[in-house]
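Produce the entire structure from the sequences given, and follow the hints as far as they go.
Just so you know, the sequences run in chain order A and B.
For what it's worth, the numbering used here labels the leading residue of the first sequence as 38, then goes sequentially.
For what it's worth, the numbering used here labels the leading residue of the second sequence as 38, then goes sequentially.
What the hints contain is simulated information worked out from the structure, not anything from laboratory work.
Careful: at least some of the hints might be erroneous.
Because identical chains share one entry, a pair is satisfied inside a single copy or across any pair of copies.
[Claimed, not checked] Straight-line distance between alpha carbons at most 20 Å, and here's what the computed EDC-like set of lysine to aspartate or glutamate pairs gives: (1) K44 <-> D90; (2) K41 <-> D257; (3) K44 <-> E225; (4) K41 <-> D90; (5) K41 <-> D403; (6) K44 <-> E228; (7) K44 <-> E232; (8) K41 <-> E157; (9) K44 <-> E260; (10) K44 <-> E200; (11) K41 <-> D398.
As a plain string of letters, each chain reads:
Protein chains: 2
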Amino acid sequence: MSIKDPKPLDLSGERLAATYRIQADDEAAALGRAHTICLEQTVEFPAALIPNDAIRQQIVGTVAHLATADQGGWEVVIRYPVEAAGGELTQLINLLFGNISLQPGVRLLDFSLPESVLAEVRGPRFGVDGLRDLLDVHGRPLLCTALKPMGLSAPALADLAYELALGGIDLIKDDHGLANQPFSPFQERIEHCAEAVRRANQATGRRSLYLPNVTASAMDILERAVAARDAGAGGLLFCPGLAGLDAMRMLADDDDLGLPILSHPAFLGGLAVDARTGLSHRVLYGRLNRLAGADAAIFPHFGGRFAYSEAECRDIVDGCSDAMGQLAPIFPVPAGGMTLERVPELRRFYGADSVLLIGGDLHAGDGGLVARAGRFRELAGQAVG
Amino acid sequence: MSIKDPKPLDLSGERLAATYRIQADDEAAALGRAHTICLEQTVEFPAALIPNDAIRQQIVGTVAHLATADQGGWEVVIRYPVEAAGGELTQLINLLFGNISLQPGVRLLDFSLPESVLAEVRGPRFGVDGLRDLLDVHGRPLLCTALKPMGLSAPALADLAYELALGGIDLIKDDHGLANQPFSPFQERIEHCAEAVRRANQATGRRSLYLPNVTASAMDILERAVAARDAGAGGLLFCPGLAGLDAMRMLADDDDLGLPILSHPAFLGGLAVDARTGLSHRVLYGRLNRLAGADAAIFPHFGGRFAYSEAECRDIVDGCSDAMGQLAPIFPVPAGGMTLERVPELRRFYGADSVLLIGGDLHAGDGGLVARAGRFRELAGQAVG
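Below, the structure written as structure tokens:
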């Protein structure tokens, strides 16, 4: 093999680092798998056939660390040239976990990007501090709920939105299953709901936000977000698993929009379920959402309708809040069958810097939605020992 | 609970059907899980709190069938109202597998859409017959390879493209890791490579196509596709897992582009790996790619660097080719460490209506790329017993 390249490679030498957990019978096998990943994720070419030393030395990933992992298997750190990510989120994700997503026994536990890369990323426009300032709510968890059930008309959903804002819910989002269905068309819904929340805010003096779901066909996403802003929506709900992480980044980076974004894990959630494959909770909910500009990330709290563990929820908090260059920390949003009864426990586990999301349970009991929302607020605001 | 809806629900009654495999201890538990899915994927609301009978009867999914599954667990068919999908691919995927992607022990095995829904979907612009006509290749598998390794400059990649086209490869795609990196910028690469393939076609009289990778930031996808067409690229490579299934549909539906699309499973592949969760192979590689307009779907053939089984590869072929309204069948593209040696086996397993993708192995040996590509062509064209 002798490809003569008229433009020889000359990279900066700067590298980003990815930590994987891999399954292997012994250290030698683990190292072998690690070297395979170094090739698979970059040149995707047999080592012996790589046409020149520049590519071998500058493009192929390198194994920086290998050790037994606490949860079994081996933990390996692989370093990739920053240029391989090409300055795009889509290619960065491909570099970190594109082809090896197809292999069993490889999990992306974490990654870290050098300052030179992070400096080019805006990340969350608001983050924890910005969203608090926008709402003027400090020192307690934010309260969130969803407009549902699917099947209600826009005016009926707006009635709910009004009562929920009156009761003191900070973030009133569309259920993520509300799109542009005939029973509640997008444009009609955003107009009614934004108006209802505005009216309630006038009554309460608070700044509750309505966040419509702008997950949509590729050509419609931006248009819906602009329509939402024009109708007076205070934020956006988006499902990156359905419409792409970079589409969320596009919304977050849009200075004309300037709206906070709540990220929902529909479709993507399964990537974290099996501990031996996929993405760690910190990466899926924390790192990727922050890179893609979400200000808050919804995930299933342990003990609800879904299956994450306490440790995995802690991992999400870490991914939402730990150091990541100049990228702001974002709110973890534990959800999935949460009830008023569990608010003190949620408050204890997540502390004040969280968004608590309660859906159906606000509609339970006989007290009515406004009172129930008020009770949610009271419980979330209480100091916990 | 008494939400009075001023616009009562009035749906068509038409439903689409999803088949899941669920894990449960006995039939009663399986039925309970099935009913939970009926709620989770639609109203996401406790049954007792659903505000009116119209929503309960018209929106909530219904269990149409429950039986023990061959592979263990239970197979259940759930029917959802077509209106819940709102005429959008993003919401259809959410309806089929949004929230329940977060639960262990639920796998989407298959789904079927009524004619009324499929009639609104264009699907693959070319499909098997259209791509054969475009290439004027009939009666044998199409041949495909990737330009790599990453790190080569645009002129060096173009030299490879020239030799590969000269040797008779039908579809010459960018490696899916080639994006817009400084060592091979997108615009420079497509100009060089498209010109090289054109030149080779003039020499051979054949119609080999160059398919650049247009997976990119949300705002750049369409622009790159247009640039690719303008440069003379004959098709597109796209990774829906990185940039969204609906972004691929957008490219496929664009009459001004009119280019065939090859779909690559980067990042998404893990959704099929664990047989108890995620998506079946037929759904992930067949159904979704066809809905989103791919003309050919790359996946890891069994016995390569990845881990799918023979039965799973057969399931992919079925999903690529079985009846799906007016949607054309598409090519399965077995790949992942394939070698010339395995071509007869691939030909036997997939038959003529397949695309065989060999990457690194075309570069092995001493005969040179043109001869090696010619040998690939010879092997693929041979009748098999």
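Structure-based check of all given hints:
no.	hint	result
1	K44 <-> D90	within (14 Å within a copy, 69 Å between copies)
2	K41 <-> D257	neither (46 Å within a copy, 31 Å between copies)
3	K44 <-> E225	between (56 Å within a copy, 12 Å between copies)
4	K41 <-> D90	within (11 Å within a copy, 72 Å between copies)
5	K41 <-> D403	between (78 Å within a copy, 16 Å between copies)
6	K44 <-> E228	between (56 Å within a copy, 16 Å between copies)
7	K44 <-> E232	between (59 Å within a copy, 18 Å between copies)
8	K41 <-> E157	neither (33 Å within a copy, 50 Å between copies)
9	K44 <-> E260	neither (42 Å within a copy, 26 Å between copies)
10	K44 <-> E200	between (65 Å within a copy, 19 Å between copies)
11	K41 <-> D398	between (67 Å within a copy, 19 Å between copies)
Against the hints set out earlier in the document, violations occur for numbers 2, 8 and 9.
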